[in-house]
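Top line first, the protein sequences correspond to chains Y and E. The numbering used here puts the first residue of the first sequence at 1333, with every later residue one more than the last. The numbering used here puts the first residue of the second sequence at 1333, with every later residue one more than the last.
Source of the hints: derived by calculation from the structure; they are not laboratory data. Fair warning: this is a prediction, and the values are worked out from it, not measured in the lab. Worth double-checking, as some hints may not be accurate.
Any copy will do: because identical chains look the same in the list, a pair fits if it lies in one copy or spans two.
[Claimed, not checked] Straight-line Cα separation of at most 35 Å, DSBU-like style, residue types lysine-lysine; simulated pairs:
#1 Lys1650 <-> Lys1510
#2 Lys1573 <-> Lys1360
#3 Lys1579 <-> Lys1606
#4 Lys1559 <-> Lys1510
#5 Lys1663 <-> Lys1468
#6 Lys1606 <-> Lys1472
#7 Lys1579 <-> Lys1421
#8 Lys1384 <-> Lys1628
#9 Lys1581 <-> Lys1628
#10 Lys1360 <-> Lys1628
#11 Lys1384 <-> Lys1510
#12 Lys1650 <-> Lys1569
#13 Lys1384 <-> Lys1569
#14 Lys1650 <-> Lys1559
#15 Lys1559 <-> Lys1663
#16 Lys1360 <-> Lys1421
#17 Lys1360 <-> Lys1579
Protein chains: 2
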Amino acid sequence: MTRWLDGPAIDDDVVISTRVRVARNISKYRFPSIMTVQESDTLTDEILNGMKEALDDNYRFIRVRDITPREQMVYIEDHLISPNMVQRKDKSSFLIRNDEKATVMINEEDHIRIQTLFPGFNLTDAWELCSDIDDKLGEKLDYAFDDRWGYLTACPTNVGTGLRASVMLHLPCITITKTINSLIEGLREIGLTVRGLYGEGSEALGYLYQISNQVTLGESEEDIIGKLNKVVYQIIKRERKTREYLKEKKSTELENRVYRSYGILSYARIITSKEAMDHLSNIRLGWEVGIFSSDKIRNIFDLMIEVQPANIQRGLDKDMSEEDRDIERAKIIRDYIYNLEG
Amino acid sequence: MTRWLDGPAIDDDVVISTRVRVARNISKYRFPSIMTVQESDTLTDEILNGMKEALDDNYRFIRVRDITPREQMVYIEDHLISPNMVQRKDKSSFLIRNDEKATVMINEEDHIRIQTLFPGFNLTDAWELCSDIDDKLGEKLDYAFDDRWGYLTACPTNVGTGLRASVMLHLPCITITKTINSLIEGLREIGLTVRGLYGEGSEALGYLYQISNQVTLGESEEDIIGKLNKVVYQIIKRERKTREYLKEKKSTELENRVYRSYGILSYARIITSKEAMDHLSNIRLGWEVGIFSSDKIRNIFDLMIEVQPANIQRGLDKDMSEEDRDIERAKIIRDYIYNLEG
């Protein structure tokens, strides 16, 4: 369903996805938050012209104001655009590559945000593609760049490289054994940030954590990517080690946790998005520790997106009340669980 | 398993069981709480002599101090003796009829507590049997009786008739619709008490409520029984009416509640006694509203007793840690649920 999740994925027993984005702005234009809609339209045309030459025709262009609120939410739930885009929807638009692995957002917090998304742990490809798009656009557009400060951005936290690389990890064992908090503290101390599934301010859902660099200034792109790469490898090793420990020492507790979620998802008639995430996460844990063998569970993150509110409504092509969504969500998940056994 | 639950049961879609007990004391002896063990042994012999003549040989005699703590707990969990008996176990003993529908406790709070227990709603038989045993013992023993106050008891709340009649109801629908609290308040206003599964101070578990008379003085036995009878009939009607309302108006919510418990009990590997009670209660609710048709569920209260801590240990004939009991309990319940489908 979610196209960017397609394809081979490395270390995907722990890492769900890898994302890289750079923030860029065009000289002589005001930042998106204070520009008028008219200025924004002029800027959008200029960027589009530059892109047309720079990018191949594998991209489609979408103005946020031209699509329905439900469609806007689907793009957000699919991680293809940020909630910021909807907040200034009169000015924002985006180009999206057909395989959805690359999005160029126009008038998000900055004039341009180039985002690349890959399944599994793949900072190399994600950075390479992002950097490639950036280079091509940079040739056509007059990026706001200062020799001393680097790329100028709307928020000072992005000045410099404008780069944020992030990795989404599924860390059930580190979470269950309650070592996650000291891990998060340790990451903060070395300049990394930990967030929930839907970015800034979102709480951890279903053992999913996004780890990203906090610093964009004073370090090269390669240093930022390299450091994140190294740290994530350590976390992957730690999750796997904790997994072995739990399998050996706490097998009944593990089975209890996993099978209870299996039982609830097999039978629930009403389920909220948050509760579904938690139980689906336990199903994935069951696959990670070998309780379940169906390889369909490898891609359960796809289902986690599919049962988000806007995705459910897109599936039935109608607006639904929260109550009806909770009923439909339970149905989708029951079908999924039922088909696991087949 | 629990013998007193055997036999035909009236209105057992709402009423689990009916219990009647009278408190009696023997003149010239001090109350159990302050008598010595020696005095207690003398009194016990006197009572036993009287009982031998009064009661047939369908009774077995047990001194609480002669049985293991685990066996003591089994009798309590089975509702055959009260926790009070174990607290003064050097002095307490009991006679129990083979069908377990009658127990005569010696040196509980009073010298004698005659208890009768019947499945379903059956105040008539419970009172008749209790009164019959009481009459026979009264002929042989010198009951402490005052013309003005009636039967004298250790606690003034039992003075007069010494009678407490109680009915255990399963009230899921009244509970779910949150009308239970106003019901409880109303009952208190007319001199009735509402308690949880294991009597005084115990919280309501699994939608189970014990309703009993508070007043023992100034009303005849027949009035006490008659009033409780009338009120319980009204509650039965109300539960049934609420059940029809939920079936018609909230069928998805009902199914969600019932099937979630079914899913958890089908798959849990570890479960506490309290959680098991709640989910088993939902299974019974499922039978009451017609989601499940297996008539085995009618007697699920038997399983509720069987999965209490001491009963589980008796089943395996060994002492177990709480952790091991929680694992064994989950296993017993999984087997039960599995066999429902067969």
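How the hints compare with the structure:
| no. | hint | result |
| --- | --- | --- |
| 1 | Lys1650 <-> Lys1510 | between (41 Å within a copy, 34 Å between copies) |
| 2 | Lys1573 <-> Lys1360 | neither (53 Å within a copy, 73 Å between copies) |
| 3 | Lys1579 <-> Lys1606 | both (26 Å within a copy, 27 Å between copies) |
| 4 | Lys1559 <-> Lys1510 | within (25 Å within a copy, 56 Å between copies) |
| 5 | Lys1663 <-> Lys1468 | neither (46 Å within a copy, 63 Å between copies) |
| 6 | Lys1606 <-> Lys1472 | neither (44 Å within a copy, 68 Å between copies) |
| 7 | Lys1579 <-> Lys1421 | neither (48 Å within a copy, 45 Å between copies) |
| 8 | Lys1384 <-> Lys1628 | neither (39 Å within a copy, 71 Å between copies) |
| 9 | Lys1581 <-> Lys1628 | within (27 Å within a copy, 37 Å between copies) |
| 10 | Lys1360 <-> Lys1628 | neither (51 Å within a copy, 79 Å between copies) |
| 11 | Lys1384 <-> Lys1510 | neither (50 Å within a copy, 63 Å between copies) |
| 12 | Lys1650 <-> Lys1569 | neither (44 Å within a copy, 42 Å between copies) |
| 13 | Lys1384 <-> Lys1569 | neither (43 Å within a copy, 75 Å between copies) |
| 14 | Lys1650 <-> Lys1559 | neither (45 Å within a copy, 56 Å between copies) |
| 15 | Lys1559 <-> Lys1663 | neither (43 Å within a copy, 48 Å between copies) |
| 16 | Lys1360 <-> Lys1421 | within (22 Å within a copy, 91 Å between copies) |
| 17 | Lys1360 <-> Lys1579 | neither (59 Å within a copy, 66 Å between copies) |
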